[in-house]
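J.: Protein sequences, first through last, are from chains A and B.
Taken in order, the first sequence gives residues 1 to 249; the numbers are from the numbering used here.
Taken in order, the second sequence gives residues 1 to 442; the numbers are from the numbering used here.
These are calculated hints, taken from the structure and not from any lab test.
Note that the Cβ used here is the ideal one computed from N, Cα and C, for glycine as well.
Hints should not be assumed to be uniformly reliable.
[Said to hold, decoys possible] Here are a few chain A residues that face chain B, going by a calculated C-beta distance under 7 Å: (1) D49; (2) D50; (3) V53; (4) R54.
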Amino acid sequence: MPANNDIGLALVLGATSDIGRAIALGLAREGCDLQLAGRDPARLKAEADDIRVRTGVAVTEHACDVLNADGGAGLAEALDPCPDVAVCVVGLLGDQQASERDGSAAQLVMWTNYVGPALLMGALAARFEARGSGVLAGVSSVAGDRGRATNYVYGSAKAGFTAFLSGLRNRLAASGAHVVTVKPGFVRTRMTEGMRLPGPLTGAPEEVARAVVEAIRRRRDVVYVRRVWRAIMLAIRLVPERLFKRLRI
Amino acid sequence: MKLSGWGRYPVVDCGTATLRGPEDLGGVLARRGTLIARGQGRSYADAALNRDLTLSTLGLGRMQAFDADTGVLTCEAGVGLDDILRTFVPRGWFPPVVPGTKFVTVGGMIAADVHGKNHHRDGTFGAHVEALTLATADGGIRVCSRTQDADLFRATLGGMGLTGVILSASFRMQPIETSFVLAETVAAADLDAAMAVFEASHDWPYSVAWIDCLARGRRLGRSLVLRGAPMRRRALPAALASRPLRLAPEGRIRVPVDAPSLLLNRWSVGLFNGLYHRRGRARAGPRPVHFDPFFFPLDRIDGWNRLYGRRGFVQYQCVLSAGESAAGLAALLGRVSVAGQGSFLAVLKRFGPAGEGLMSFPAEGYTLALDLPLRRGTLALVDALDGITHAHGGRVYFAKDACCRPERMREGYPQHAAFDALRKAWGAPRKFASELSRRLEL
Ligand SMILES: Cc1cc2nc3c(=O)[nH]c(=O)nc-3n(C[C@H](O)[C@H](O)[C@H](O)COP(=O)(O)OP(=O)(O)OC[C@H]3O[C@@H](n4cnc5c(N)ncnc54)[C@H](O)[C@@H]3O)c2cc1C
Ligand SMILES: NC(=O)c1ccc[n+]([C@@H]2O[C@H](COP(=O)([O-])OP(=O)(O)OC[C@H]3O[C@@H](n4cnc5c(N)ncnc54)[C@H](OP(=O)(O)O)[C@@H]3O)[C@@H](O)[C@H]2O)c1
Chain A
1 MPANNDIGLA LVLGATSDIG RAIALGLARE GCDLQLAGRD PARLKAEADD IRVRTGVAVT
61 EHACDVLNAD GGAGLAEALD PCPDVAVCVV GLLGDQQASE RDGSAAQLVM WTNYVGPALL
121 MGALAARFEA RGSGVLAGVS SVAGDRGRAT NYVYGSAKAG FTAFLSGLRN RLAASGAHVV
181 TVKPGFVRTR MTEGMRLPGP LTGAPEEVAR AVVEAIRRRR DVVYVRRVWR AIMLAIRLVP
241 ERLFKRLRI
Chain B
1 MKLSGWGRYP VVDCGTATLR GPEDLGGVLA RRGTLIARGQ GRSYADAALN RDLTLSTLGL
61 GRMQAFDADT GVLTCEAGVG LDDILRTFVP RGWFPPVVPG TKFVTVGGMI AADVHGKNHH
121 RDGTFGAHVE ALTLATADGG IRVCSRTQDA DLFRATLGGM GLTGVILSAS FRMQPIETSF
181 VLAETVAAAD LDAAMAVFEA SHDWPYSVAW IDCLARGRRL GRSLVLRGAP MRRRALPAAL
241 ASRPLRLAPE GRIRVPVDAP SLLLNRWSVG LFNGLYHRRG RARAGPRPVH FDPFFFPLDR
301 IDGWNRLYGR RGFVQYQCVL SAGESAAGLA ALLGRVSVAG QGSFLAVLKR FGPAGEGLMS
361 FPAEGYTLAL DLPLRRGTLA LVDALDGITH AHGGRVYFAK DACCRPERMR EGYPQHAAFD
421 ALRKAWGAPR KFASELSRRL EL
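Work out the full structure, taking the sequences as your base and the hints as a guide.
T.: As structure tokens, this is what we get:
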């Protein structure tokens with residue numbers, strides 16, 4: 001990324017998600033061209049067209065399934081040109097109880113939130129590192145800050161992704177490339193449709209998008225959206241395990 | 001979830017879901033019971049409510065194509081008018097018809113076939129729709145237009161969501177040189193004078209009048225007629241010329257809590273109307289007004305519907321043929337001023353000829369709209385107003401109506417039988433219904 005912080009071209013992985021499309025539009029409104037990646041070509045085209053009509057930036061569409069056996073290496077190598085910024089929004093909440101009963105359900109959640117996105121970001125990191133510039137942003141979750149009975153399969157996978165991003169940031173620090181970790185709390189999206197969410201703690205996809213664009217520009221390390229989540233998760237992490245294991249939160 | 005329309009009456013506990021794309025349709029249509037689409041919920045009463053399933057279209061927010069040669073925009077039905085304005089006014093394009101608030105969706109504008117201040121010249125929003133895609137009861141998605149499934153197209157314009165879920169539409173926007181309107185206010189001493197101003201204002205693209213509901217006797221119908229025309233770039237004063245297509249500043253004023261309905265007793269309303277009257281006279285003579293306050297004066301006040309208190313309010317809106325208007329409007333206004341339940345908003349407007357929508361509201365003549373805060377006797381008053389409208393051969397607007405009698409509705413909408421037949425042919429009655437359609441036996 002040039003020194004004046006102009007993002008010329010950004011890749012959004014998971015661009016058909018509510019959060020992904022908001023991020024893509026946020027970046028386009030800053031004048032940046034886009035590479036949108038997703039697994040459903042028809043929906044991907046609908047998002048790409050929306051951004052084209054609204055902003056006039058150049059948008060290309062790319063097939064991406066993080067369950068692919070190649071771990072995203074193919075996609076990462078094929079991108080031409082290599083984007084200045086890559087944001088990964090891919091994830092799957094899954095059903096905790098189903099995951100407890102059924103190993104394959106758990107595996108899908110683990111793969112979609114951790115293995116897949118991590119391999120993909122890893123593959124992109126190689127190109128960013130070689131070039132010596134750019135920002136990789138990964139959308140993880142506050143759920144990864146501590147495992148809880150109600151969603152630890154998802155939470156553990158997000159914890160893995162958070163740790164991976166942290167390590168990657170550490171590795172790339174000297175290269176000129178940078179890694180941002182984004183931890184949303186509750187967000188009103190397709191993923192949380194029908195769930196009762198606490199109003200004051202629940203954000204809109206556009207709010208996450210603003211925070212992500214800002215974090216990329218300022219090369220932040222770890223950001224929580226909304227910001228109160230940092231304090232909430234700190235408090236939750238501080239509860240001694242002896243007590244925590246008996247809590248229902 | 002407890003939902004209501006903009007008037008906050010009635011409140012109904014509804015099943016809810018959000019539609020984010022055609023891929024969600026299968027699951028939604030497979031549910032038991034009926035459903036109704038809901039946009040921004042700016043219809044006043046029960047048109048966008050269904051206790052079984054009220055389906056939000058706000059996830060259908062994508063723009064699909066824009067042709068800068070013809071001005072045709074194709075977008076999903078949940079796209080907001082505010083979004084369209086923000087995106088296209090700076091590029092020199094304006095929607096063909098806008099209602100009195102910008103917080104409505106394209107689907108809502110088509111389903112209610114909304115009218116604007118330019119109805120006498122440009123017709124309804126539906127008149128500018130070239131095609132729409134509709135999800136029908138059988139799970140199919142149909143492209144309808146004047147040449148393809150034309151009957152279904154005509155039934156969907158003004159069809160209040162009862163033919164299916166509109167997924168997207170193409171409509172033609174108008175080129176503009178500036179985002180300003182050259183507007184002037186003409187004071188009219190009584191109803192006849194107000195109607196005379198309208199009849200003489202046909203060449204003004206925009207016109208509407210505010211009536212002082214409490215003026216009685218000789219002054220019945222005392223009003224301010226506001227008329228305007230889009231401003232050309234060279235007519236813009238120097239101070240505005242640097243950014244001719246500017247948007248209005250975003251700030252909105254919030255109504256923090258449900259205001260006690262006391263605020264709207266007959267004295268305060270009288271005071272308000274009196275002030276409004278004097279202000280209008282003082283400001284006579286054309287001047288540039290930004291389109292936002294010109295078309296959407298109430299949008300600045302976030303949640304102004306709460307000003308009427310927690311019990312909500314009913315908006316009564318009817319249309320009377322040109323021939324019946326003088327007598328009918330006098331009777332309606334007389335009835336309201338006697339009841340002493342006057343309101344901030346009594347709006348009068350001259351409509352042009354009716355359009356193609358089978359159940360569309362506008363028809364050649366005059367339309368009157370007024371807010372009535374809900375208290376004891378209000379529904380009886382509305383029924384009495386309905387009686388007057390009916391006696392003068394008029395009809396009420398589904399997007400506002402809260403308590404019309406089914407038999408009066410049927411007489412007011414002579415094409416309702418054709419509408420029923422068409423809905424049956426498409427299997428619509430078993431899948432699409434609203435609290436309004438149940439109430440009116442539509
Ligand atoms: C302050 C104010 C001023 C207004 N001024 C005017 C005016 O000047 N002229 C005028 O005509 N109206 C006016 N209205 C009414 C308003 O324009 C209409 O009620 C409009 O339909 C609201 O759009 P919405 O997106 O909120 O729809 P909703 O209120 O959510 O729904 C209205 C109807 O449209 C149907 N519908 C919505 N989306 C779809 C869809 N995708 N597919 C199928 N059916 C759908 C619903 O089922 C319902 O029957 C005004 C309302 C307010 C609050
Ligand atoms: N909503 C919240 O409260 C919340 C809170 C914290 C964190 N998050 C995180 O935010 C991100 C976005 O979530 P969202 O709320 O916007 O929900 P969402 O719409 O369900 O987003 C999930 C995205 O992941 C994609 N995806 C799933 N499996 C994939 C695969 N195998 N290959 C490629 N893409 C795949 C989905 O693609 P399809 O569109 O094709 O299904 C979708 O784009 C997720 O990582 C989520 O964990 C959300």
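J.: Report holds or violated for the interface hint on D49/A, using the least CB-CB distance to chain B and a cut-off of 7 Å.
T.: holds, 5 Å
J.: With chain B as the partner, please determine if D50/A meets the hint condition of a C-beta pair closer than 7 Å.
T.: Because about 4 Å separates D50/A from the closest Cβ in chain B, which is inside the 7 Å limit, the hint holds.
J.: Does V53/A hold up as a contact with chain B if the rule is Cβ-Cβ below 7 Å?
T.: holds, 4 Å
J.: Using 7 Å as the Cβ threshold, decide whether R54/A counts as touching chain B.
T.: Since chain B brings a Cβ to about 6 Å from R54/A, closer than 7 Å, the hint holds.
Violation of the numbered hints given earlier is absent; every hint is satisfied by the structure.
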